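Trainee: The primary structure of each chain is shown beneath.
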Amino acid sequence: MNELSPPLALLAELTHRCPLQCPYCSNPLNLERTSGELTTAEWQRAIDEAAGLGILQIHFSGGEPTVRRDLEALVRHAHDRGLYTNLITAGVMLDAERIRGLVEAGLDHVQLSFQDSEPGGGDRIGGFKGGHAKKIEVAGLIRAAGLPLTLNLVVHRQNLQHLEDLIAMAVELDAHRMEIAHVQYYGWAFKNRAALMPTRAQLEAATATVTAARERLKGKVVIDYVVPDYYARRPKSCMGGWGRQFLNISPTGRVLPCHAAESVTTLSFDSVRQRPLGDIWRNSEAFNRYRGTDWMPEPCRSCERREIDWGGCRCQAFAILGDAGATDPACGLSPFHDQLVQLAETDAATAPPEFVYRRIGAG
Amino acid sequence: MSERAVIDEASVPRLARGTRLQFDQHRDRWFVQAPERLFVLDPIALEIVKRCDGAATVNTIVDDLAGKFSAPRDVILRDVSALLQDFTDKGVMTA
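Residue numbers (our numbering), protein chains in the order written: chain A, 1 to 363; chain B, 1001 to 1095.
Please note: incorrect hints may appear among the correct ones.
Straight-line Cα separation of at most 27 Å, DSSO-like style, residue types lysine-lysine; simulated pairs [stated by the list, open to error]:
1) A:Lys-218 x B:Lys-1050
2) B:Lys-1050 x B:Lys-1090
3) A:Lys-191 x A:Lys-236
4) B:Lys-1050 x A:Lys-236
5) B:Lys-1050 x B:Lys-1068
6) A:Lys-220 x B:Lys-1050
7) B:Lys-1090 x A:Lys-220
8) A:Lys-218 x B:Lys-1090
9) A:Lys-191 x A:Lys-129
10) A:Lys-218 x A:Lys-236
Not the full set, but computed from the structure, chain A residues with beta-carbon under 7 Å of chain B [said to hold, decoys possible]:
11) Gly-36
12) Gly-54
13) Tyr-84
14) Gln-161
15) His-162
16) Asp-165
Please keep in mind that the hints were generated in silico from the structure rather than gathered at the bench.
If you're wondering where the values come from, they're calculated on a predicted model, not measured in any experiment.
For every residue, glycine included, the Cβ atom is placed at its ideal position computed from N, Cα and C.
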């Protein structure tokens, strides 16, 4: 077991409520109800505990975090503790007054999502009429308030044909950064995999587009790129390793090593309502289960990349193989890698089914 | 969208909006907070970044460092320019 370092960042999922219904939402299929959400005081205590533990950045997310009327108070609380505050939002509930309040509270940065480059696709994928136009307006308000802006662009087989337009839109909206992220297949996205999975040829075209845009826009806009790992040769370093750098707190206070961790139904997670955050980070069963390298099976255990990718993603191993302790099948060295590629190729070769939209009860 | 800034001796660098220099007391090191990322600074990078106040030119910064560390000016200029160009391209600094 390596020496345990403090976490770097906290993803604070303030609520699972959201006006959008994106079919690749990172929230769990069993969405948590409003009545169980942490109170303002409970969140403030959790933020204090996280800052005391050593986190440096806090990402306010959801669901849609602006649904919570106490968002400004929580941003201010985190800012006062020296944390870098980031708002991850769909934007459709923001207006100039709310943005001004967030700036005054000490908000450092906004990550705004877009579902497509044009209203037809954007509103259809997000399941929210008028959403795309509202997002364009809100991007302008965010920039007018002087806040740095990252556009979050999730891409898949139903919007990849607009990738050049998405990049142009980010430039047009004066974003400082864009995150072009292929869908990762957990939870809702796993359920909608056949409707979202690109072909290998689509992926390669997208990667070429991003590479060219990065060159063209160097020094002007930063482009981060997340590839879909079904077609990868080596797994992603998921969360930089289980329980190594990152904490997630769910709307009702459950503490998770990543936002998808509740999909691993063989684990149970402690709550900030019952146990101090530092104790959960250091000592909880769920965090220690896949921390470091001791848990690893072969081929990970003797792999020279074991402290680079940390065995890949536990949620993916569980989703595909039913065993969260297996090597991530995204790795070419997994005995099940060919099966994973086969799943992707079969999905991508079939006409896309209707979306199962993200809403309470649909999962 | 602004054009790419190319660092030269007359450039006046400063940290971009949305980034800040901060000391991490839990890990005993300096770093720059930036959107969804952290840039950990080694002692040399720290000496450079803390001089980027939006008033000093690269020339002034290099003179100051050359005096303080009794090092050849051309070596310092090369190191300072490389770091600032990298940080500017990453959106951490403006110049």
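Trainee: Looking back at the hints listed earlier, which ones does the structure fail to meet?
Mentor: 4, 11, 14, 15 and 16
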